[in-house]
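Engineer: Please work from the sequences and hints to get the whole structure.
These protein sequence lines map, in sequence, to chains A and B.
Take the first sequence: its letter number 243 is residue 243 in my numbering, and every next letter is one higher.
For my numbering, count along the second sequence from 1 and bump the result up by 1000.
It is possible that part of the hints are untrue.
[Claimed, not checked] In silico DSBU-like cross-links for lysine-lysine, where the CA-CA straight-line distance does not exceed 35 Å:
1. K1213(B) to K1158(B)
2. K1130(B) to K362(A)
3. K1179(B) to K454(A)
4. K362(A) to K1198(B)
5. K1179(B) to K1202(B)
6. K1179(B) to K362(A)
7. K1198(B) to K1213(B)
8. K1213(B) to K1002(B)
9. K362(A) to K1213(B)
10. K1198(B) to K1179(B)
11. K1213(B) to K1130(B)
12. K1148(B) to K1158(B)
13. K1148(B) to K1213(B)
14. K1130(B) to K1158(B)
15. K1130(B) to K1202(B)
16. K1130(B) to K1198(B)
17. K1002(B) to K1179(B)
18. K1213(B) to K1179(B)
19. K1179(B) to K198(A)
20. K1148(B) to K1002(B)
21. K362(A) to K1158(B)
Hints in this document: simulated from the structure, not taken from any laboratory.
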Amino acid sequence: VISLTRSIAFRAGLAQAALATLILALLAALLWWVITDRLDQQMEDVITGDSRLIATLAAQPDPKPAIQDISERVGSDLDEDEILLLTAPNFARLAGNLPAWPIDAPAEPGWGTVVITRGGIVSSARVLYMVLPNGRHLLVGRDLRARAELAEEFRGGLIGAVIMVLATGLVSAWILRRGFVDRVEQIDAMSQAIVAGKLDERLPVRARRDELDLLATTINRMLGQIEQLVGGVRNVSNAIAHDLRTPLGELRTRLEGLLLGRHVTGPAAEQVERAIDDTDRLIGTFNALLRLAELDTGARRSGFRPVQLAPVIEPAVELYEPLAESRAMRLTAQLAPDAPPVMGDPALLTQAMANLLDNALKFSAPDTEIVVSLTGQPNETVVLCVADRGPGIPDSEKPHVLDRFFRGASSSGTQGVGLGLSMVASIVTLHGGELRLEDNHPGLRILLVLPALKAAAGESRVRPSQRVPV
Amino acid sequence: MKLLLVEDSEQMSQFIRKGLTEAGHTVDHAATGRDGLFLASSEPYDIIIMDRTLPGGIDGLGIIMALRQSGNQTPILILSALADVDERIRGLQAGGDDYLTKPFSFGELTARLDALVRRSNNAGPETVLKLADLQIELLPRRVTRAGKTIDLLAREYKLLEFLMRHAEQVVTRTMLLEKVWDYHFDPQTNVIEVHISKIRQKIDDGFERPLLKTVRGAGYMLTARD
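Structural biologist: Here you go:
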């Protein structure tokens, strides 16, 4: 299962929500700017109008009409939004609903903002300060409480909208993920089965024909083609098996028939025997090629099961040990007891092991050592290494060693047609592993790096692989 | 002994019949599955050699399964061009006693036939295997020759036991690889040869008459005869 943060659907949903929030914020900022600008403009217009009327009255030498007018307008009532204050030239209060000249009032005549305290409530007010011709000071303004309340409501609304956008974004991401990811995981599981060799599997295509169905249809078509190709390879292999191996077999029978009937004797019989040997070598090569072709189709993967490598390596080492001894070589095995099992085919792994030992013995000189080692980390990799002290492989030849029928410069004079390592490489690839060639200073180290079986998946099912009939 | 050969290839059956007849056996031949099943279920045979792909409605495995279901226990050697491990398993599961892939050498065929007939004749479980003065006591896994104890490694013991059970018969390299090591492919080098010579050192060195002989071009034989 893909983690939430790595899911495309979830990330798309999240990105969408983030984008919507951003757009909403921009819109809100624009709206706020337009509305407040308009409100402020209106307020200043009202203040300017009021101030003109009052200023006309207050400009008269007798302050009484102005005081009366101001009292009528606001009295001493502090609840009014309108703010008026008329003072004598020495700033002594004459009339208005402020107790005294505010200390934060503008120093010069003009617009300003003051903090006012009315009935214990602190708020700010927009004010216009005028100095009348007779030296009196007039402050006309409007409380900004209403504007602050509007801002409060606006912010509340905005936060609510953001929460809703985010919530719907997350919910839709989750729904998308459920529908989308379920199907992607279905496709993934099916593809894994196909990779594992079940080439006849197909992805489900629903009647809805959405994008995923389109993808599934294309993948299915691709699979059909792969199956056909693999089938073609198999058919060719079977044709080789039948059309070439059968006559070879008959050739061998004829030759052996000659010897059985004692029709030929002496040097002729010897030649026939050699012809039989040649035929056997040909048959062996065909068998190896067929086996390689079969390995490359990946079909053998369907028979994989948990395999411990030590019980595969030990008998092989035991089989080759006397041969090594007879050539004065030492063959030793260093197998880590805690190496985890792998998912694989014990018969094929045994064959790989035998080919590696064949190879190491073929190229080693007397009085040298061949070391087989097995190491591994749980849940990571298992490494099987065969190290010899032979001539090694020059760097220039390394890329070709795994090619079919490749025989290096140092292999002249030895037996074999050069399929042994190709076979090992194919077996390792089939097991999802990697074959590495390293310098042993001097000699060659061949490493088979295989993926370890996940502990939870197979620990209880692992049995020694040795006694299985193959 | 009396054999039934079920094989559709003209050349192959001629070759096998000729070889076996010359070796003194009686060979009946069926070229189709139908004839094969008929002969196998109506006549008593010591052993049946069975090809897998056959004309005549029923293939080799079908015949084997039909015979086994009707209680016929005649040893059957499957002879097939289908060399795959899975095919081998399928053949043995169907009731075949041994599986030999084509192309094969005649020596391999006769060695396996001998081994199969011998196995089916050995009824009760044995406790001691004897050949001349060589003796294996199976339960304590003790090997002696002329009363002298011979120390063998576990695998050497298994190899000698197999040779003893097939004493006086040719045992091929491939048979040893299959039955003693459970390996079903041919290693490129002759690894078996060295194992044999190690055993030979242990059981024959210092004794007047060698028991373990190499049969040229075929395999090995543990024999008291000269």
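Engineer: All the hints need checking, so say for each whether the structure fits it.
Structural biologist: Okay, the hints, checked on the actual structure:
Taking the CA atoms of K1213(B) and K1158(B), the gap is about 18 Å. The hint holds against a cut of 35 Å. Between K1130(B) and K362(A), the direct Cα distance comes to roughly 39 Å. Violation of the 35 Å bound is thereby established for this hinted pair. Distance check on the hinted pair: K1179(B) and K454(A) sit about 33 Å apart at the alpha-carbon level, within 35 Å; holds. A distance of roughly 21 Å separates the Cα atoms of K362(A) and K1198(B); the hinted pair therefore holds under the 35 Å criterion.
For the hint pairing K1179(B) with K1202(B), the CA-to-CA distance comes to about 21 Å; that is within 35 Å, so the pair holds. Of the supplied pair hints, the one linking K1179(B) and K362(A) holds, its CA atoms being roughly 26 Å apart against a limit of 35 Å. Pair hint K1198(B) plus K1213(B) holds up; C-alpha atoms about 13 Å apart against a cutoff of 35 Å. Between K1213(B) and K1002(B) the CA atoms are separated by roughly 28 Å; this keeps the pair inside 35 Å, and the hint holds.
A C-alpha spacing of about 27 Å is found between K362(A) and K1213(B), which places the hinted pair at or below 35 Å, so the restraint holds. Proposed proximity of K1198(B) and K1179(B) is supported: the alpha carbons are some 19 Å apart, at most 35 Å. At most 35 Å may separate the alpha-carbon atoms for a hinted pair to count; K1213(B) and K1130(B) meet this at roughly 17 Å. Only pairs whose Cα atoms come within 35 Å are accepted, and K1148(B) paired with K1158(B) is accepted, the gap being roughly 19 Å.
The straight-line distance between the Cα atoms of K1148(B) and K1213(B) is roughly 21 Å, inside the 35 Å bound, and the hint therefore holds. At roughly 15 Å between alpha-carbon atoms, K1130(B) and K1158(B) fall within 35 Å of each other, so this suggested pair holds. At most 35 Å may separate the alpha-carbon atoms for a hinted pair to count; K1130(B) and K1202(B) meet this at roughly 16 Å. Restraint check for K1130(B) and K1198(B): the C-alpha separation of about 20 Å stays at or below 35 Å, so the hint holds.
Only pairs whose Cα atoms come within 35 Å are accepted, and K1002(B) paired with K1179(B) is accepted, the gap being roughly 25 Å. Restraint check: the Cα-Cα separation between K1213(B) and K1179(B) comes to about 19 Å, which is no more than 35 Å; the hinted pair holds. A hinted pair counts as satisfied when its Cα atoms are at most 35 Å apart, and K1179(B) with K198(A) qualifies at roughly 32 Å. With a C-alpha separation of about 41 Å, the suggested pairing of K1148(B) with K1002(B) is violated against the 35 Å cut-off.
In summary, the hint linking K362(A) to K1158(B) is supported, as the alpha carbons are separated by about 27 Å, within the 35 Å threshold.
Violation of the numbered hints given earlier is confined to hints 2 and 20; the remaining hints are satisfied by the structure.
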